[in-house]
Amino acid sequence: MSDYRGYEGRSLEFLKQNKIKVGDTVKITTNLDNVATIMPRYEHSDDQHIVVKFKSGYNVGLEINDIKKIEYISSIDINQRKELSPTKPNPQLPKILLLSTGGTIASKVDYRTGSVTPALSAHDLYSIVPELDGIANIDAEVLFSEYSENLTPEHWKKIAERLDHYSKSDYRGVIVAHGTDTMQYTAAFLSFALAGFPIPVVLVGSQRSSDRPSSDAASNLIAATKFIVKSNTNGIFVSMHHTESDDDIACHFGTRVRKNHTSKRNAFETVGGAPAFIIKQDEIIQNTKSQYFKQRQYTPKINVDTRVALVKYHPGYDPKLVQDLINHGYKAIILEGTGLGHIGKNMYDIIKKAKESQIFLGMTSQCHDGRVNMAIYESGRDLLHLGITPLSDMISETALVKAMWALGNGKVDDLMLANIASEYTE
Amino acid sequence: MSEIEIDKIGLKVGLEIHQQLATNKKLFCSCNPIESEEYPIRFFRRLRLAKSELGKYDPAAVFESSKSKLISYNANPQSSCLVDYDDEPPHNLDNDAKTTALIIASALHSDIFSEVHVMRKIVIDGSNTSGFQRTMLVANGGYLEVEQKKIGVQSICLEEDAAKLLKDTEAVREYSLDRLGTPLVEIALDPVEGTPSDVKKIALTLGRLLRVTRRVTRGIGSIRQDVNVSVSGGGIVEVKGVQQLDQLEEVIRYEARRQHGLQLIAEKLRKIQFDDLTKEDILDVTSFFESSKSKVIQKSLKDKALIKALKVKNFAGMFGYEPYPGIRLGKELGQQVRFFGIGGIFHSDELPNYGIEKEEVEQLRKTLKTEELDGFLIIAGSKDKIEFAIDAVINRIKEAKNGVPAETRAATPAGETVFLRPRPGASRMYPETDIPPIMISKNELEFAKNNIPKPWDSAISEIQTKYNLNKQLSEQLFDSDYLDLFESICTDKANSPNFVASILCSTITNLGRRGLDATLLKSEHIARSFELLSDGKITKESLEMIYESIMSGKTKSVEEFIEKHSSSMSEGELEHFLDDLIKNNLDIIKKQGSHSSSILMGMAMKSLRGKVAGEKINKLLEMKISKILEE
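Which chain is which? The protein sequence lines are A and B, in order.
Numbering that gives the first Met the number 0 puts the first sequence at residues 0 to 425.
Numbering that gives the first Met the number 0 puts the second sequence at residues 0 to 630.
You may find that some hints are simply not true.
Computed far set for chain A versus chain B, every beta-carbon distance over 10 Å [said to hold, decoys possible]:
| hint | residue |
| --- | --- |
| 1 | L11 |
| 2 | G22 |
| 3 | K87 |
| 4 | D109 |
| 5 | P212 |
| 6 | D245 |
| 7 | K288 |
| 8 | Q294 |
| 9 | C366 |
With a straight-line Cα cutoff of 25 Å, these simulated DSS-like cross-link-like pairs (lysine-lysine) come out [as the list claims (entries may be wrong)]:
| hint | chain 1 | residue 1 | chain 2 | residue 2 |
| --- | --- | --- | --- | --- |
| 10 | B | K400 | B | K330 |
| 11 | B | K120 | A | K54 |
| 12 | B | K441 | A | K67 |
| 13 | B | K120 | A | K263 |
| 14 | A | K263 | B | K441 |
| 15 | A | K279 | B | K120 |
| 16 | A | K67 | B | K448 |
| 17 | A | K68 | B | K610 |
| 18 | A | K167 | A | K87 |
| 19 | A | K107 | B | K120 |
| 20 | A | K54 | B | K400 |
| 21 | A | K263 | B | K400 |
| 22 | B | K470 | B | K555 |
| 23 | A | K54 | B | K11 |
| 24 | B | K68 | A | K107 |
| 25 | B | K11 | B | K239 |
| 26 | B | K239 | A | K263 |
With beta-carbon atoms standing in for the labels, derived distance ranges [stated by the list, open to error]:
| hint | chain 1 | residue 1 | chain 2 | residue 2 | range |
| --- | --- | --- | --- | --- | --- |
| 27 | A | D32 | B | T194 | 51 to 59 Å |
| 28 | B | H90 | A | G328 | 40 to 48 Å |
| 29 | A | K410 | B | N91 | 51 to 59 Å |
| 30 | B | N91 | A | Y71 | 46 to 54 Å |
| 31 | B | E37 | A | H43 | 55 to 63 Å |
| 32 | B | S556 | A | Q365 | 48 to 56 Å |
| 33 | A | V34 | B | K453 | 32 to 40 Å |
| 34 | B | G354 | A | V34 | 38 to 46 Å |
These are calculated hints, taken from the structure and not from any lab test.
Each residue gets a CB set at the ideal place from its N, CA and C atoms; glycine is no exception.
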């Protein structure tokens, strides 16, 4: 933590002048005398206040103009961290790797400073989620620590490469801790790049921050661990709450899952059906009857080409925007059409042009659920004739990721239509 | 045993008042915190605290977290939303609640902070879905004037109320979310020296100051007093959940007695050698009691409980020593184990008793190898609890030498207190990162200052003039839970304010004094009954009967009562009834003349009370009687 985190302008100057930094305990006189500790300042606040924590635990902002006197008393070392002895593994239990990419699955709160830090070591995890102790021996590894909106296809590749590294290890499975915002994109990429991966890989996150006692993080993590240990399957999954309650956790195919709510615990849903598995307190229920993840052999293909655009068509859409994509050398466009997979007549010319430029054109629907069918209406048939490939019930975001992956690893047209990781429901 | 001299023990009492605000919204969402009849939504959660954060060995916290109960939340969309389910970040701070807090702070001459930070106070008993209570310090300092004396204000906070506990079983704890998130103002006053009745006066004055703003909720549970009580040389005891002022006085008196009593016990204990208690003083006596005739013991054995005995050297007479009536170390120990879900303890000073016979006690003493001067106690409980309980008991016995331990206790309706939990250390608070700091502008401060309510006595005289009530009734009304209700009932001008006020202040109070449950009678019930009265659908006399029926749990609504007592008597039926009555009592009428009407009225009312207005019966009866007399 910086000595003056969040302070700028006048308040920063005030602290420097008085030789006071964040973490110092001071006697501060306004209308009343108070003993308080200087706290970091919230981002983008004004520069007229300093934040202090009183002994009662409350923080308040004191206006610099109201401060008559400030005297240094003592400092606390806000960076101090106790080293704890590692937990002894239980040889009876299977080994699981927890790979962190960000999106803290566990946090520690320092009540003196109010700071929340991710708990990433195996020891921290056991202390916060003691239930893990009886299920598996967990090794923890931090790959990176990013909010998921900052993750790029380059990060997907790094995750895939790291997982590939463990494909022949003695781990029973891998849990990938991931921010929830773009979790479905990463899950889709791993599903294609690591199709046939010999052990289960489960992405988990939390919708409600892990520093709150009510966080969903721990129950998602416990469920993912149980799933790896008890289910006899492999492939890429996403494991998050199935309902508002902490008891049932859903386990979705990495290609069929979508974040459908901004904040609820059960935001993640399998589109077009029930989640593949439901992890209950003492059992795992399999909902999928037919064979899934058809590619059984593991032949990693970890390349990616990001020259793909996801275009949501809407009334008033300007075809010139597609011209820009052609000009920028894009190789594939996934259209999110209306209804069964339609776009307006004003788009036909530009679609023809795109086709002439050898761009792959795939059609998905902006409806949240259902299949694309372009044979029903005249406009659909026109679009088929123009060379647009209908992508059935593939989720548009999954189609985007798949196109990026396909461009990097082979013939786009063929790969897009092949059902590799249950991205199509059959 | 002697009577306590309260002015000689250094009694200090600090009041902390939690008052619900009448914003009809929650603090961080716009749900209306009304009480639901049913809960169509139900979900389950588990709360967890990082073990490493538990800090120093705190048996209560370890036990609480090891219990990790499943928590069931019951919700109704009319009173709660995703914010209350902790499934959505909080919305903006409700402006009305903020304004009210600022007005109250201004009325108490308190220093308002220009930048307020919302904090999360960790609470893991499930009463908050998030696992924390949102709270913010709004102002510091200031004073409350009570009979020309200034009582210092420590702090004024604005915070969320907790969910209401519905049920607590071994495995599941159930809450309703109706109340969760309701805005509360918490006012902490400086501790004062004085008598319990002085403290009651302070609480009354503060309560009146809050009510005079007309921005706070009334009714049972809308104001809760916590009191910090100490006697000189003792720890501070926090007593939670005092709901009524009479109870407040009782509680302080009880605590004064209990705390001074504990000091007298400590004085005695300091003269004896007993506190090198170790695990070796604990013996498993489960098999010893197998053939015991005690029903309590047999029940424990049937529940597969372990029975353990703890011997304490030189302790004979100390568990049962009673410096004041009802104040004993044995009782304190019993309350300690109840925290862990264990029924209680038996100690050597009360045995033989509870079906444990004299020979058994002697035999047990031999098994335990205790001398005449030693004491012992017996605890029965399941394997996972008994260790915690014994640890707690040992700690408490050792602590007894120091007098009054700092702890949190709960007020009982009878005005006593029971052990709730050890006093928590410094509050676990950290910033609520979902809400940016809240700025208090100069305009808002100005507005608050200009809206400081007028003093209580002028509010009273205003009511007096407006409704033409006498002073005493106006005061009663103001201090009651029903002022707002009174005003809304009086808006239609159908009933005399004096009548409405006396129903609210005396009829209902009297029913309560008769032991009926006032919490069952809701404002809606009262409002509805007056509506029906205004419409002439019920009679004045039936009000009391309706309230009595609801408060005794016989009926759930006014309509249900009316249906049951289907009162509507037609004019024809009434005439018929009165004619019969007159016919059967002709001799009385002849003898008493016009005076007979009051006798017959009494007879008629026996059958017609609540069905027909008394005035109407009286009128008809007088008419009929005078007709007969004329004939």
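Going down the list of hints, with the structure as the test:
1. For A:L11, the condition that its CB be more than 10 Å from all CB atoms of chain B holds, with the nearest at approximately 16 Å.
2. No beta-carbon of chain B is positioned within 10 Å of the beta-carbon of A:G22; the least distance is around 15 Å.
3. At roughly 17 Å, the least C-beta separation between A:K87 and chain B is larger than 10 Å, which holds for a residue marked as non-interface.
4. Not every Cβ of chain B is farther than 10 Å from the Cβ of A:D109; the closest lies at roughly 8 Å, contradicting the non-interface assignment.
5. The Cβ of A:P212 sits about 3 Å from the closest Cβ of chain B, inside the 10 Å cut-off, so the non-interface label is violated.
6. The Cβ of A:D245 does not lie farther than 10 Å from every Cβ of chain B; its closest approach is about 5 Å, which violates its non-interface assignment.
7. Listed as a non-interface residue, A:K288 keeps its Cβ farther than 10 Å from every Cβ of chain B; the least gap is roughly 29 Å.
8. Non-interface call for A:Q294 relative to chain B: holds, since the shortest CB-CB distance, roughly 37 Å, exceeds 10 Å.
9. Every C-beta of chain B lies more than 10 Å from that of A:C366, the closest at about 25 Å, which supports listing it as non-interface.
10. For the suggested pair B:K400 and B:K330, the alpha carbons sit about 16 Å apart, so the restraint of at most 25 Å is met.
11. A C-alpha spacing of about 14 Å is found between B:K120 and A:K54, which places the hinted pair at or below 25 Å, so the restraint holds.
12. Distance restraint check for B:K441 and A:K67: the Cα-Cα separation of roughly 20 Å lies within the 25 Å cut-off, and the hinted pair is therefore satisfied.
13. Between B:K120 and A:K263, the direct Cα distance comes to roughly 22 Å. Compliance with the 25 Å bound is thereby established for this hinted pair.
14. Taking the CA atoms of A:K263 and B:K441, the gap is about 38 Å. The hint is violated against a cut of 25 Å.
15. At roughly 31 Å between alpha-carbon atoms, A:K279 and B:K120 are farther apart than 25 Å, so this suggested pair is violated.
16. A hinted pair counts as satisfied when its Cα atoms are at most 25 Å apart, and A:K67 with B:K448 qualifies at roughly 24 Å.
17. With a CA separation close to 75 Å, the supplied pair A:K68 and B:K610 exceeds the 25 Å bound.
18. Under the criterion of a C-alpha separation no larger than 25 Å, the hint pairing A:K167 with A:K87 is consistent with the structure, at around 24 Å.
19. Between A:K107 and B:K120 the alpha-carbon distance is near 15 Å, which keeps this suggested pair within the 25 Å criterion.
20. Pair hint A:K54 plus B:K400 does not hold up; C-alpha atoms about 30 Å apart against a cutoff of 25 Å.
21. The suggested pairing of A:K263 with B:K400 is violated, with an alpha-carbon distance near 53 Å, which exceeds 25 Å.
22. A hinted pair counts as satisfied when its Cα atoms are at most 25 Å apart, and B:K470 with B:K555 does not qualify at roughly 34 Å.
23. This hinted pair checks out: A:K54 and B:K11 have alpha carbons roughly 22 Å apart, not beyond 25 Å.
24. Of the supplied pair hints, the one linking B:K68 and A:K107 holds, its CA atoms being roughly 22 Å apart against a limit of 25 Å.
25. Between B:K11 and B:K239, the direct Cα distance comes to roughly 16 Å. Compliance with the 25 Å bound is thereby established for this hinted pair.
26. A distance of roughly 34 Å separates the Cα atoms of B:K239 and A:K263; the hinted pair therefore is violated under the 25 Å criterion.
27. Range check, A:D32 to B:T194: Cβ separation about 31 Å, and the 51 to 59 Å hint is violated.
28. Range check, B:H90 to A:G328: about 45 Å between beta-carbon atoms, so the 40 to 48 Å window is met.
29. Checked against the given bound of 51 to 59 Å, the beta carbons of A:K410 and B:N91, roughly 53 Å apart, stay inside it.
30. A hinted range of 46 to 54 Å is violated for the C-beta pair B:N91 and A:Y71, which are about 37 Å apart.
31. For the pair B:E37 and A:H43, the beta carbons lie near 45 Å from each other, so the given range of 55 to 63 Å is not met.
32. Between B:S556 and A:Q365 the beta carbons are some 50 Å apart, a value that agrees with the proposed interval 48 to 56 Å.
33. Checked against the hint of 32 to 40 Å, the C-beta distance between A:V34 and B:K453 comes to roughly 37 Å, which is consistent with it.
34. For the hinted restraint 38 to 46 Å between B:G354 and A:V34, the CB-CB distance of approximately 57 Å leaves it violated.
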